[in-house]
Amino acid sequence: MSALGPYAAFIGTSYALVALVVTGLIAAIGLDYRRQQAELRRLEASGVTRRSGKTSEPS
Amino acid sequence: MFLARLANPSRFLAFTARVLPWLAVATMVVMALGLYQSWTAPDDYQQGATVKIMFIHVPNAWLSMFVWMVMSVSALGTLVWKHPLADVAAKAAAPIGASFTFLALATGSLWGRPMWGTYWQWDARLTSVLILFLMYLSLIALWRAVEDPSRAARAAAVLTLVGAINIPIIKFSVEWWNTLHQGESVFRMGGPTLDSAFLIPLFTMAIAFTLLFITLHLAAMRNEILRRRVRTLQMMQADGRAA
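Respectively, the protein sequence lines represent chains A and B. For the first sequence, this note's numbering begins at 33 and goes up steadily by one. For the second sequence, this note's numbering begins at 35 and goes up steadily by one.
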């Protein structure tokens, strides 16, 4: 950090903030996918299916 | 023709399952290269090492506007062409666009404090980007407030197209008004004013963040399609119980 000069804290905070928000976005989208897949599987296991009869898994 | 084929949600899910792993790898490779170039770039003769903030601030600022344009095209798709995935695309893009806009504002403030002496100034560029951020939040609130996705789609599409007026205002604010923000230095008549030592890392990071957006957007669209399927099945289940 010392190589970044007197404004190292501003530079480091900027990169850390971007890393935090991007990681949060990736995690939120990944968790949402798991949640929707689990709910679809639960519904299909309980006997509810779409009119097309297709399951949630993409072919 | 390609887009028409993807209009079928099942086909779209199969398409995302195939391309998402490749897009994720491409994003990581280009992002790693961009970060390496950013951290090995020389200091600016005036700004010193704070120029490194530019490599993350500018791509986020570009994408904050680009995502709204993607949502505007999707809004046209909802209102004019009634494309089945248009509203899905717009709704999935909004939180990602809001995140990029937040990062553009936050990194801009962190860059502004050492360079301008202040974190914030109510000038045309900063204020118009703040308005863009608030518009993203309004759209997200609208989609959450209305339970039926098809009802929310029309209102959200109109709001998106009205909000698109703000994009040229953001873009040209530094030319139309006196602002603390620097003028256009990349996409301008007469070519960029940046040296290639800064321009190359900036473009690499811009490509990396664009790839990141495409990857996250496709994944979020896939989630939204699954959410609508869950909702349909839950309604069928409720109907079955009621009958």
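Keep in mind that a hint or two might mislead.
What the hints assert, rightly or not - Which residues of chain B face chain A? A partial, calculated answer using Cβ under 8 Å:
#1 N42
#2 Q80
#3 W177
#4 S184
#5 A253
What the hints assert, rightly or not - Pair by pair, the computed Cβ-Cβ distance ranges are:
#6 W156(B) x T55(A): 55 to 61 Å
#7 I248(B) x A51(A): 50 to 56 Å
#8 P202(B) x A77(A): 49 to 55 Å
#9 A40(A) x V107(B): 38 to 44 Å
#10 T55(A) x D77(B): 24 to 30 Å
#11 A41(A) x Q80(B): 18 to 24 Å
#12 G82(B) x G56(A): 47 to 53 Å
#13 Q155(B) x A51(A): 23 to 29 Å
#14 T55(A) x G151(B): 30 to 36 Å
#15 I174(B) x G37(A): 35 to 41 Å
#16 I165(B) x Q69(A): 57 to 63 Å
Hints are computed from structural coordinates only; laboratory data are not their basis. All C-beta atoms, glycine included, are put in the ideal place defined by N, C-alpha and C.
Inset, instruction - Hint by hint, work out which the structure violates, then give me just those numbers in ascending order. - result: 1, 2, 3, 4, 6, 7, 12 and 16
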